[in-house]
Amino acid sequence: MPKQPMWLNVYGFVVLVLFLLGMYLGLVVSPPDASMGELIRMIYAHVAVAWVGFLAVVLAALHSMLFLWKANFKDDIRAVAHAEIALVFAGLTIASGMTWSKPTLGVFWDWDAKLTLTALLASLLVGYFIVRGLIDDPERRGRISAVVMIIVMASLPFNYMAAKWFRTLHPAKSYNVDATGLSSTMSPVFVKILLFNVVVAAMIYIYFFIQRNRIGQQEAELFEKETELDVKGDFIHV
Amino acid sequence: MFNFSQWGWVLFAWGQLIAVYIAYQVYLTWRLKRLEDK
Chain B
1 MPKQPMWLNV
11 YGFVVLVLFL
21 LGMYLGLVVS
31 PPDASMGELI
41 RMIYAHVAVA
51 WVGFLAVVLA
61 ALHSMLFLWK
71 ANFKDDIRAV
81 AHAEIALVFA
91 GLTIASGMTW
101 SKPTLGVFWD
111 WDAKLTLTAL
121 LASLLVGYFI
131 VRGLIDDPER
141 RGRISAVVMI
151 IVMASLPFNY
161 MAAKWFRTLH
171 PAKSYNVDAT
181 GLSSTMSPVF
191 VKILLFNVVV
201 AAMIYIYFFI
211 QRNRIGQQEA
221 ELFEKETELD
231 VKGDFIHV
Chain X
1 MFNFSQWGWV
11 LFAWGQLIAV
21 YIAYQVYLTW
31 RLKRLEDK
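Sequence order for the protein chains is B and X.
Using our numbering, the letters of the first sequence correspond one by one to residues 1 to 238.
Using our numbering, the letters of the second sequence correspond one by one to residues 1 to 38.
Don't read these hints as lab results, they were simulated from the structure.
Bear in mind the structure is a predicted one, so any value in this text is a computation, not a measurement.
Be aware that one or more of the hints could be misleading.
[Claimed, not checked] Cross-link-like lysine-lysine pairs, in silico, DSSO-like; alpha carbons within 27 Å at most:
hint, chain 1, residue 1, chain 2, residue 2
1, X, Lys38, B, Lys225
2, B, Lys74, X, Lys33
3, B, Lys102, B, Lys164
4, B, Lys192, B, Lys225
5, B, Lys164, X, Lys38
Kindly generate the complete structure, drawing on both the sequences and the hints.
Shown next, in the form of structure tokens:
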């Protein structure tokens with residue numbers, strides 16, 4: 001197994017510095033909110049991981065579709081890498097959301113549309129890995145889990161629009177993306193710091209993905225070698 | 001006005017992020033190490 005390349009270590013260091021800068025912007029530079037006070041500083045942690053988690057699910061589903069189309073195992077390995085990090089980010093989204101909800105809304109959890117759909121998303125991601133663990137044949141495992149991942153992605157539009165469509169404890173969107181660009185009801189200073197932290201979360205995601213994808217590829221190569229050895233061994237025994 | 005209670009929640013939320021990022025990095029390093037040993 002080759003060691004981690006130098007450029008990845010350098011990238012990791014840059015990401016670490018940017019994360020610390022994002023934290024500084026969120027905890028020191030950002031002013032307190034007029035109604036929420038210091039609690040607004042949680043938006044930079046919660047929203048950044050939530051958006052990047054959604055992105056991870058979309059990318060996992062895209063690679064799953066590619067696997068169904070081309071039957072290239074590299075796509076299956078990439079889909080798994082995206083899915084695993086999506087689960088990490090979905091868990092963080094729920095944990096940081098609950099931490100924000102308690103002091104602002106009075107409760108950690110409520111079974112309303114937005115929160116239930118997010119819990120469903122995390123549960124479906126866990127289900128994806130359970131399904132993979134139950135199937136031994138790599139091709140069958142790849143195809144069935146790819147379908148599961150597409151179902152996971154199908155829940156995203158409902159989750160994204162839940163705060164608008166349903167009565168929910170979760171605040172409505174305070175930003176809008178259309179032909180004129182990004183507009184927001186938030187003060188520009190909050191938006192700038194939020195977007196900075198979203199970019200940093202995406203960079204952390206890329207850093208994890210590169211590592212996880214390399215592990216997946218190496219494991220597949222090792223599996224192939226072991227299978228070849230087994231076959232050769234059988235010939236000797238016969 | 002500095003609000004200790006609010007800052008406690010804020011630092012708890014950011015602490016979760018740091019803890020999970022470190023834990024996941026440790027997990028990835030462990031898997032890489034396991035592959036190296038094989």
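Right, here's what the structure says about each hint:
no. : hint                : verdict
1   : X:Lys38 x B:Lys225  : 12 Å, holds
2   : B:Lys74 x X:Lys33   : 22 Å, holds
3   : B:Lys102 x B:Lys164 : 22 Å, holds
4   : B:Lys192 x B:Lys225 : 50 Å, violated
5   : B:Lys164 x X:Lys38  : 52 Å, violated
Violated hints, in rising order: 4, 5; the structure is consistent with all others.
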